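Student: Each chain, letter by letter, is given below.
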Amino acid sequence: MKKLIGIASLLLLVVVIASLLSRDPETGTHTFLTAYNIENLLQRIGMFGVLSIAAMFVIVTGGIDLSIGAVVCVVGCVLPWLTRDLGWSPYLALPAALLLAGCIGLWHGLLVTWLGLQSFVVTLCGLLIYRGLMRWFTHDQTMGFGSSGDGLRYLATGRIQVTATFGLPVAALLLLVVAILAAVFMNRTVWGRQLFALGRNEEAARFSGVPTRRLSLLAYVLCSLLAGLGGALFVLDVNSAQASSFGNFYELYAIAGAVLGGVALRGGEGTVIGVVLGAALMQVLSNAINLVADSTQLEFAVVGAVILFGAAADEGVRKLLSRRRAS
Amino acid sequence: MRRPLLEVLGIYKSFPGVRALQDVRLSLGHGEVLALIGENGAGKSTLMKILAGVHRPDAGVLLLDGAPVTLPSPRAALDLGIALIHQELNLCDNLSVAGSLFLGRELRSGPFLQRRAMEHAARAVLLRVGLDVDPRRLVDTLAPAQKQLLEISRALLGKARILIMDEPTSSLTQIEAERLFAVVGELTAAGVGVIYISHRLNEVTAIADRVVVLRDGRNAGEINGVDATNDRMVSMMVGRSLSGVRRVPHEPGEEVLSVQGLRTAAWPAAQCDLSLRTGEVVGIAGLLGAGRTELLRALVGADRVLSGSITCGGVLLSGHGPAVAAAAGLVLVPEDRKQQGLILSMNVRENLSLPTLRSRGVLVDREYERELTESKIRDLAIATPHGEQRAGALSGGNQQKIVIGKWLAAAPKVLLLDEPTRGVDVGARAEIYARLHDLAATGLAVLFVSSELAEVLTLADRVLVMHEGRIQGTLGFAEMTEQTIMTLATGTGAA
Chain A
1 MKKLIGIASL
11 LLLVVVIASL
21 LSRDPETGTH
31 TFLTAYNIEN
41 LLQRIGMFGV
51 LSIAAMFVIV
61 TGGIDLSIGA
71 VVCVVGCVLP
81 WLTRDLGWSP
91 YLALPAALLL
101 AGCIGLWHGL
111 LVTWLGLQSF
121 VVTLCGLLIY
131 RGLMRWFTHD
141 QTMGFGSSGD
151 GLRYLATGRI
161 QVTATFGLPV
171 AALLLLVVAI
181 LAAVFMNRTV
191 WGRQLFALGR
201 NEEAARFSGV
211 PTRRLSLLAY
221 VLCSLLAGLG
231 GALFVLDVNS
241 AQASSFGNFY
251 ELYAIAGAVL
261 GGVALRGGEG
271 TVIGVVLGAA
281 LMQVLSNAIN
291 LVADSTQLEF
301 AVVGAVILFG
311 AAADEGVRKL
321 LSRRRAS
Chain B
1 MRRPLLEVLG
11 IYKSFPGVRA
21 LQDVRLSLGH
31 GEVLALIGEN
41 GAGKSTLMKI
51 LAGVHRPDAG
61 VLLLDGAPVT
71 LPSPRAALDL
81 GIALIHQELN
91 LCDNLSVAGS
101 LFLGRELRSG
111 PFLQRRAMEH
121 AARAVLLRVG
131 LDVDPRRLVD
141 TLAPAQKQLL
151 EISRALLGKA
161 RILIMDEPTS
171 SLTQIEAERL
181 FAVVGELTAA
191 GVGVIYISHR
201 LNEVTAIADR
211 VVVLRDGRNA
221 GEINGVDATN
231 DRMVSMMVGR
241 SLSGVRRVPH
251 EPGEEVLSVQ
261 GLRTAAWPAA
271 QCDLSLRTGE
281 VVGIAGLLGA
291 GRTELLRALV
301 GADRVLSGSI
311 TCGGVLLSGH
321 GPAVAAAAGL
331 VLVPEDRKQQ
341 GLILSMNVRE
351 NLSLPTLRSR
361 GVLVDREYER
371 ELTESKIRDL
381 AIATPHGEQR
391 AGALSGGNQQ
401 KIVIGKWLAA
411 APKVLLLDEP
421 TRGVDVGARA
431 EIYARLHDLA
441 ATGLAVLFVS
451 SELAEVLTLA
461 DRVLVMHEGR
471 IQGTLGFAEM
481 TEQTIMTLAT
491 GTGAA
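Chains as they are written, first to last, in the numbering used here: chain A, 1 to 327; chain B, 1 to 495.
The hints are simulated quantities; they were obtained by calculation from the structure and are not laboratory data. Certain hints may be false.
[As the list claims (entries may be wrong)] SDA-like mimics (lysine to any residue), calculated; alpha carbons at most 25 Å apart, straight line: (1) A:K2 - B:P385; (2) B:K49 - A:R324; (3) B:K338 - A:G62; (4) A:K2 - B:E388; (5) B:K49 - A:R323; (6) B:K338 - A:W191; (7) B:K338 - A:L265; (8) B:K338 - A:S322.
[To be verified] Where chain B lies over chain A, by a calculated footprint (3+ residues, C-beta under 8 Å): (9) 183 to 189; (10) 192 to 204.
[As the list claims (entries may be wrong)] Residues of chain A clear of chain B, computed beta-carbon distances all greater than 10 Å: (11) V15; (12) S22; (13) T27; (14) L100; (15) A172; (16) L298; (17) A311.
Keep in mind it's a predicted model, so treat the numbers as computed, not measured. We treat Cβ as the ideally placed atom computed from N, Cα and C, and that holds for glycine.
Based on the provided sequences and hints, a complete structural model is requested.
Tutor: Here is the structure:
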């Protein structure tokens, strides 16, 4: 709860600063607060938020998934290929692409749980393998839907008009649905409880009869599946994907969002609301830098600095509390 | 008369909401073994931590050789020659013996380590505690008793004059413990003062020159070593005398667990056969490493079974895990409570419900969970303010009650317990014994492993003695004595 308040206040702070700093001196408007900007921002939060929730599932088990960006790339290339090159209906192609993503997760999970490999190694190698395969498969050509994905693109680019000037992005709504499902899964189902138990103490969970291997497997599958969904949204949004760059670094955005939102890397801790707030903070930051600095050169530096500040503040507060308790 | 080595006068210490120590006094002479006993929460660890410089007292004086000293940090205590040997040993498994001895005070010439010199010095100090191992060996490869001796030699290397030992024998077998006592005897002969903290009263009688009893953060009394009988110590600790324990064996019913030709990875050449009937309480005795823990773990499928058959309540178990074993009515309260038994960072409710959690529709059945929590807290008298309390914040005895409670919720036919009262104070221990007897009376079969012979003799209707992976012999209720058990355990007798 304290973590949630912390991250929510940090988000509010950044929003306020961004609003103030983005004032255009000529027109007197705050460019950050325009309907157009908010729409775009919410859409991006929707897409990246799905990736951060994906990352959360694996991090809660005490593992890590570095291949999220590569899975984004796989789906980003395969989905247009299915619809444009093979002529599949987009409504068939999307489940097929997600199935492929889920299989990648299953593969990771099997290597981690049955072979006992470190998730870091498995997914780092996965990152290299999938992106390499995609570059070879597409001959480094840009993949796009042409007009073959038209109905489906609504998921990523659609707006539900609320007022004359503002439309709620469908992608944000999709995140809301995913977040609610994930929150119910984590907090209200037996599997979610067991997943937290597994992340906190795998041995004790195993001794208590928790099917630890099957649950870890499930976490990896869910992670890659959601990464695939994110990949689909990204490619539906921009309608072009190049294997060499599509989804580059997205795993780091996803993990940073999750960690910023209070998911502990040692496992067993985290809330879905926190993750959504964390992902939102990441996007607000990069958006604000674009608007205020008029360039993206400083983006990584500022994002890094804010995460570091958040982590330091969290640790500082924790130390202070435990010292007060001890003395 | 020579001044005492250490005097503690009128120590007070409070934590938020708790008065941990009030006007606590004790003195320790040169070459004396002072046993400090008391129930969990009596203030032993707080006092110990004050002596080791971890906590600072609110009021009171510490005199070392008659001169007042302050101990602002563990480093300061060490520099004055006060060394604390923790219950959970503080050794780095991946260092060599010499490396861990000199950790933090390495011999160097410039930036380079002087390995030869350290190994040489290590040999000398290891010899003093009778630990004959190569200083280049990895700590990881040492037995628990050897690690304990290594900790002591580390304290000696730091020129310790006062050794504080916290439950040093909790992971040692009887024979290893006796070796440790011999070492303590040699150290005291050389003038080292020892403060010895233990729940094992037999040891206290054997080793202590004097016994100081703490209760509720105050001095509850002091007994000379020769006068320290178990009864006197127990009644001083709990402030009342515990009612005598049952000494009539239970009436067993039908066979509920049958094990034939079981082989485990720890002792692949040995086979185990055993049979358990409803309503009986059976102990498994043996030396450390005799394969007792491995047997229990294999039974519930926490470890791989190489071959053999396990039948519980008519269900043949093979290739099973703990969940399947629990469904057949076979559950284990494991040896390592903090690592295997509980998830310390989760609360009492979540721990109690973990093995039996069920859904109503797709969601957790919270009504079931709430009832389970309330009933187990009440039935087992778990001392917790509420079900939302973090399990790690409770005392060892209450933690153990949670582990037992979560498995009772699974309605077991056979309850396996591995060292059920390790690190559990006297009062909670008596409660656990009483509960186990009650459960046996209702038809539950109980099979427990214990390294404390007194516990085996108190609790068991019969005892299986293991030696090198096999069951060396079975002793009936009338035949069980420390002598007969130890004879089988050391492999010198066969049944």
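Student: Work down the list of hints and note, for each, if the structure agrees.
Tutor: Hints, verified against the model:
1. A:K2 - B:P385: Since the Cα atoms of A:K2 and B:P385 sit roughly 22 Å apart, the hinted pair holds (cutoff 25 Å).
2. B:K49 - A:R324: The hint holds at about 18 Å.
3. B:K338 - A:G62: OK: B:K338 and A:G62 at ~18 Å, within 25 Å.
4. A:K2 - B:E388: 17 Å, holds
5. B:K49 - A:R323: It holds: about 16 Å lies between the C-alpha atoms, which stays within 25 Å.
6. B:K338 - A:W191: 23 Å, holds
7. B:K338 - A:L265: 21 Å, holds
8. B:K338 - A:S322: With Cα atoms ~21 Å apart, B:K338 and A:S322 stay inside 25 Å; holds.
9. 183 to 189: holds (count 3)
10. 192 to 204: holds (count 8)
11. V15: 33 Å, holds
12. S22: Given a closest Cβ separation of 42 Å, the condition holds.
13. T27: Holds, because the least Cβ-Cβ distance between A:T27 and chain B comes to about 52 Å, which exceeds 10 Å.
14. L100: Fine: 27 Å to the nearest Cβ keeps A:L100 off the interface.
15. A172: 26 Å, holds
16. L298: 39 Å, holds
17. A311: 20 Å, holds
Violated hints for the displayed structure: none, as all numbered hints are satisfied.
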